[in-house]
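Taken in order, these protein sequences are the chains called A, B, C and D.
So in the working numbering, spot 109 of the first sequence is number 109, and the numbers just go up one at a time.
So in the working numbering, spot 224 of the second sequence is number 224, and the numbers just go up one at a time.
So in the working numbering, spot 134 of the third sequence is number 134, and the numbers just go up one at a time.
So in the working numbering, spot 135 of the fourth sequence is number 135, and the numbers just go up one at a time.
Rather than coming from a laboratory, the hints here were simulated on the basis of the structure.
Since the structure is predicted, the reported quantities are computational estimates derived from the model, not experimental observations.
Ideal Cβ placement from N, Cα and C applies to all residues, glycine included.
It is possible that part of the hints are untrue.
Stated by the list, open to error - Residues from chain A that face chain D, not an exhaustive set, calculated with beta carbons under 8 Å:
hint : residue
1    : Val28
2    : Val44
3    : Leu48
As the list claims (entries may be wrong) - Not close to chain D: a few residues of chain B, all C-beta gaps over 10 Å, as computed:
hint : residue
4    : Phe18
5    : Gly22
6    : Gln28
7    : Asn192
8    : Ile288
9    : Ala324
10   : Leu378
11   : Phe389
12   : Ile412
13   : Glu432
14   : Leu449
Listed here are the chains, written in short residue letters.
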Amino acid sequence: MNEVIQGLKLMPIDYYIAFCSILFVIGVIGVLIKRNALVIFMSVELMLNSINLLIAAFSVYWNSASGQILVIFVMVVAAAEVAVGLSILVVTYQNTQSIDMNLLKRLKE
Amino acid sequence: MLTISLILLPLIVSVLLFFMKGQKASQQIALLATLAELAIALIAFTGFDKSLAVNYPLLIDWLPKMGFSFSLGMDGISLLLVMLTAVLTPFIILSTFNRENKLPASFYALVLMMQAALVGVFTSQDGLLFYVFWELALIPIYFICGLWGGENKVQITLKFFIYTMVGSLFMLAALIWLYTKTPAPHQFGIKNLLLVIPTLSPVEQAWLFAAFVLAFAIKMPLFPFHSWQPDTYTVAPPAGSMLLAGIMLKMGIYGLLRFVLPFRGNTLSTYGPVVIVLALIGLIYGSIIAIKQQEIKRLIAYSSFAHVGLMAAAAFALTRDALAGTIFQMLSHGVNIVALFFVADIIQRRTNTTQISELGGIAKQAPRFAVFFMIAMLGSVALPLTNGFIGEFLMLVGLAQYSMAVAAVAGISIILGAVYMFWLYQRTMYGETKPASESFTDLTSTEMLVAVPLIILIVVMGVYPKPLLEIAQPAITEILKYIH
Amino acid sequence: MEKYIFFGLSGLAIFSAIMVLVSNKPIHNLLYLILCFMAIAGHYLLLNAQFLAVVHIIVYAGAIMVLFLFTLMMLNLNLKLELNKSLMARIVAFVSGLLLLVTLVIILNGLVIPTPKTATTQIGMTRDLGQVLFSEYMVPFEAASILFLSAMVGAVMMVNKNK
Amino acid sequence: MKTLTALVPLLPFISFLVIGLFFKRIPKLLTSVLACGTVLISFIFSIILFVDLKNGGTATNVTLFDWLPSANANIGFSLVVDQLSSLMLLVVTGVGFLIHVYSIGYMHDDEGFNRFFSYLNLFVFSMLILVMGSNYLMMFIGWEGVGLCSYLLIGFWFKNQDYNNAAKKAFIMNRIGDLGFLLGMFMLYIQFKSLDFNTIFSQTGQFQTGDTFITIATLLLFVGAIGKSAQIPLFTWLPDAMAGPTPVSALIHAATMVTAGIYMVARSHALYILAPTTLLIISLIGIATAIVAATIAIYQNDIKKVLAYSTVSQLGYMFIGLGAGAFTGAMFHLTTHAFFKALLFLAAGSVIHALGGEQDIRKMGGLKKKIPITWLVFLMGTIAISGIPPFSGFFSKDEILLHVYVQNKIIWALGILGSMMTAFYMFRLLFLTFFGSFRGTEDQKHHLHESPAVMTVPLIILAILSVIGGFINIPAVFGGASSLNNFLSPVFGTTQTSAPEVSHGTELGLMAIAVVGALALIAFAWARFVKANRIPAGEETQRYGLENILYHKYYIDEIYNLLIEKPILFLSSLLHKIDVFVIDRIVNEFGSVTVWLGARARLVQTGNIGFYLVAMVLSIVAFLVFGLMI
């Protein structure tokens with residue numbers, strides 16, 4: 001196993017950067033084009049994950065545990081965020097019978 | 001130590017007053033505090049050493065990494081203006097004694113806070129600190145005008161506030177710009193900032209010059225940035241008008257002397273005349289408008305506007321006499337305008353009107369008041385042996401040294417000043433007694449406490465100006481050193 | 001060998017991510033997302049971040065996705081038609097996204113990343129991470145638990161309010 | 001001597017302070033004693049100073065304290081008594097004292113009695129500062145101070161807004177002149193680095209005659225004199241100033257203040273003789289004023305207005321004298337004029353007093369018998385001003401005209417013409433007032449009475465002075481010693497052409513022409529107003545041609561009103577409108593634009609989250625791109 005890992009460590013960091021960027025942008029596009037709040041949440045998770053992965057990659061690259069700790073904290077926050085977010089969603093749905101983001105416009109009125 | 005106590009004393013009393021209630025007690029506390037302040041200022045005055053560049057210095061590091069320190073001190077100009085503040089504030093407070101105010105304690109607290117801020121402005125030796133006090137002074141006067149003012153107060157006060165605020169933002173920008181140009185580590189000390197100016201490119205200097213002048217021009221105010229002034233003076237409570245015209249306006253001129261005149265050489269000689277021309281336009285323009293004003297305070301406002309124009313013009317004449325005149329005129333204008341606003345206040349309180357057409361024949365009813373008004377007016381029209389003359393004479397001499405034509409134009413204001421002031425006096429004091437002024441009572445003893453010292457100040461400053469003029473001399477030398 | 005694993009996992013992740021966007025049924029979206037997360041977990045493994053990989057699976061696939069699924073089921077959203085934005089809006093969104101990608105790529109390309117120190121330590125191992133977490137990051141860790149608590153309370157409060 | 005010098009102006013000032021501060025409490029008697037007493041003491045001191053100088057003493061300089069330290073000079077609050085100011089001191093305190101005494105009677109029933117005397121004392125103080133100041137700034141203190149007192153006293157009865165307007169007009173016209181004075185002063189200050197008379201005059205040697213600088217400076221100073229001494233074009237305030245109580249007219253607007261301009265030019269003679277152009281202009285303005293005022297006086301019907309125009313005209317003569325370089329002559333005429341014009345005004349006051357306030361000569365007449373003392377002294381004054389020998393006016397006017405003759409024959413001829421007119425209108429005034437039958441109301445007739453002794457005694461003293469005043473400077477042609485010339489020579493020195501190069505024959509001939517001309521016109525006046533008993537037409541009468549123009553004083557007031565007052569008032573309204581509707585509007589528009597922009601910007605906040613998100617992403621892109629570019 002160790003050898004595999006050693007080999008993998010030679011994987012250029014650039015690849016990770018490129019991969020995570022693509023994943024991130026897909027998340028962004030998802031947020032932008034969808035009206036379904038649930039899917040938007042998913043896209044956000046996608047973005048978070050892409051960043052997490054990049055942090056983890058750099059953590060290994062720099063040989064520093066802090067990066068991975070950070071990932072854990074991000075996960076913590078993400079979980080909390082999802083819990084609160086979804087409850088908002090439920091409340092919204094109860095009020096409007098919809099989870100269309102565009103309807104949230106009414107908040108301003 | 002002396003300087004900081006001058007700021008702290010009113011500030012602390014002000015904070016205390018905010019928690020107080022009741023008219024009488026707060027009045028007396030405020031008056032006592034200002035008298036104590038005056039005593040300290042007098043100590044500073046007597047102990048002043050002309051040979052030192054900065055007297056009573058105080059230096060506390062504040063943000064040492066940013067080169068920003070709590071640095072106070074006085075040169076001659078500062079001292080004179082501090083004296084002006086310390087002398088006038090007791091009168092301003094005393095002048096409100098007969099007046100029922102809502103929230104009296106807060107009112108006096110704000111006046112004292114104003115005093116602290118003004119002293120701070122005049123004694124700051126640090127650019128940023130100067131700005132802090134500069135803005136701090138705006139807050140109390142905003143509330144004084146906004147809460148105790150007359151008709152339309154909110155709108156007018158807001159305009160005044162935003163207008164001057166915009167001006168001071170330009171100043172802040174200029175200060176920061178200068179700061180970034182100081183040699184590392186950057187310093188905010190006024191001296192450091194001023195030393196940078198000559199090293200800048202002409203374009204930079206021009207922009208900085210414009211920014212500073214704009215800030216001070218709005219404060220003073222200088223033509224054409226004056227339109228907040230007549231409204232504000234009219235709507236502000238009398239004490240507010242006195243603070244504004246008597247002391248606060250001097251901040252603008254003080255700023256000119258401190259920050260603008262040290263622009264040496266080309267910048268000053270290229271753009272200085274622009275300011276002089278604006279000032280002269282304002283001088284004549286304000287005087288002419290004042291002639292037909294129908295409301296006393298508005299008339300006084302325009303007259304003050306005109307006087308300030310002369311001071312600004314003289315400041316840019318850059319001769320020793322002109323600068324001495326400007327400094328002296330700051331003091332005498334402060335005294336005179338407070339006296340005039342006090343007159344307006346008394347008239348308003350007695351007759352409930354300040355419309356000139358409704359007044360008349362007051363001199364018959366109230367001879368002592370007539371004398372007081374007359375002397376205040378004479379000071380304002382610069383009759384010899386009153387304080388106004390010394391300042392105007394020196395300023396005009398200085399302007400004449402700069403250019404005879406400028407002096408001639410500026411001199412027209414002497415004629416116009418006589419026209420509108422005498423016209424005002426004649427219509428309010430002389431003639432047949434009008435219904436509004438029928439039951440006009442003469443000055444009460446409290447009012448005499450304000451009027452008599454003011455009269456004495458007007459005359460004594462006119463007869464023996466020497467000590468005041470001499471105190472300012474080293475500071476003027478300092479300014480001229482920057483220039484030549 | 002590693003390359004192939006890397007590219008395979010990456011391809012799988014990107015494909016499933018795209019499918020999240022493309023498919024119209026929320027339940028499908030969700031399943032594709034889980035697939036994507038699995039692929040990312042694989043990446044963690046590849047980085048020898050074993051602890052992270054496990055936590056990732058538990059937290060995301062196990063907890064978060066279940067939460068999503070639960071919401072989905074509870075609101076019975078699956079039957080709803082997918083709400084789509086107008087074509088114009090979608091194009092605009094897509095173009096902005098691409099623009100972002102392009103700029104990101106240009107910028108990141110320009111980055112000069114110093115070569116790392118040679119190291120073979122097992123930082124991704126549970127033991128090592130645990131040591132760091134409970135020594136250096138003790139306080140944030142405890143704070144995180146408070147965060148959780150408050151999130152939980154908040155969520156309950158919100159849903160409860162209307163009843 | 002120094003103490004004495006300082007006390008001369010100080011005493012009236014102290015009296016002013018005391019009366020002014022306690023004007024409500026102190027009794028009239030005390031006021032009278034205080035006010036007159038201090039001036040009397042000042043007069044006595046002045047005599048002492050005069051005698052000292054007369055006996056060969058030198059000028060006394062006193063610096064009370066440093067007044068105004070400026071960059072170039074330490075301007076002191078300093079006084080000087082030399083021959084010139086000593087002469088003025090005598091006139092001011094002497095005539096001033098008599099008028100003070102007279103005022104006790106004249107103002108006796110006025111409720112503002114104490115106020116009046118405090119003003120009067122302040123005036124005397126200011127006037128003394130004016131003549132004693134040893135530098136231009138000191139002179140300027142007095143200069144403005146007398147202007148203020150003049151304002152206060154013209155508007156003494158302040159219930160009447162017409163009087164107040166007259167007072168204001170006087171002050172403002174004076175201020176116009178003062179501006180010229182100030183500017184002239186500035187030029188001197190910049191050039192000589194001093195305002196001290198001695199310092200400046202001792203440096204005049206560096207200038208050529210006709211130097212531009214000196215010409216301009218002297219012209220500017222002269223502008224001040226024009227305002228103060230009521231010359232064309234700033235003379236219209238003086239007739240209006242007759243609104244004040246009559247003693248004021250006598251003291252301020254005849255004897256002392258209005259002569260300040262002459263004094264100033266005489267004091268600055270060292271500069272003026274270097275500026276022939278200025279002297280010429282002074283002559284021209286002087287003669288024009290003399291003629292214009294004299295012509296106006298011919299048709300005036302207000303007893304004080306006639307005297308006022310006559311004052312303007314006489315001041316014109318003094319300026320002609322100055323223009324011709326006859327500084328002593330001008331000062332001489334100033335002195336005699338102070339005597340007889342004060343006399344005439346006070347006598348007129350006595351007439352007005354007798355008639356209970358009537359000033360229109362059409363409603364007088366036949367007063368000769370009723371108020372004989374007044375009539376006699378008025379006659380003395382009239383003869384004196386008409387230039388009939390040996391009364392004082394003859395000598396002084398003659399000295400001026402002699403100098404003018406040498407300088408410029410045309411001006412001399414005009415001067416003779418003016419002096420003939422003077423004789424005519426003065427005797428017209430005399431005849432209409434005292435001869436014929438009484439034209440006032442029955443009521444007035446019953447109340448006709450001679451004034452009390454406190455008024456008549458000063459009149460008599462002034463009458464005597466008017467008669468003999470000319471003897472202080474009898475010209476050589478009558479075997480005199482020209483004592484005034486000799487006395488003033490330390491001041492004017494060789495600069496003045498004291499002995500014009502004319503033969504005694506010519507000199508006598510010139511005198512004869514003047515006297516004969518005056519007598520002829522007196523005879524004409526006699527024929528017209530006593531023999532034919534013609535009374536000037538009433539107010540509403542239609543007048544034609546020259547008479548109409550003269551009656552309306554050349555419409556000068558109307559012209560000024562149209563050309564200056566109206567435009568300024570219009571400009572004031574206009575500028576105020578501009579201020580409110582343009583300048584303030586622009587400022588307010590800045591506010592409006594901000595509000596408008598805010599309203600527009602608000603629309604961006606649609607609440608559409610999708611839009612926000614896109615905007616956010618694009619902004620991030622923009623930032624990144626921006627970062628890249630840097």
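Consistency of the hints with the structure:
no. : hint   : verdict
1   : Val28  : holds (6 Å)
2   : Val44  : violated (11 Å)
3   : Leu48  : violated (16 Å)
4   : Phe18  : holds (31 Å)
5   : Gly22  : holds (37 Å)
6   : Gln28  : holds (30 Å)
7   : Asn192 : holds (29 Å)
8   : Ile288 : violated (5 Å)
9   : Ala324 : violated (7 Å)
10  : Leu378 : violated (7 Å)
11  : Phe389 : violated (8 Å)
12  : Ile412 : violated (7 Å)
13  : Glu432 : violated (6 Å)
14  : Leu449 : holds (17 Å)
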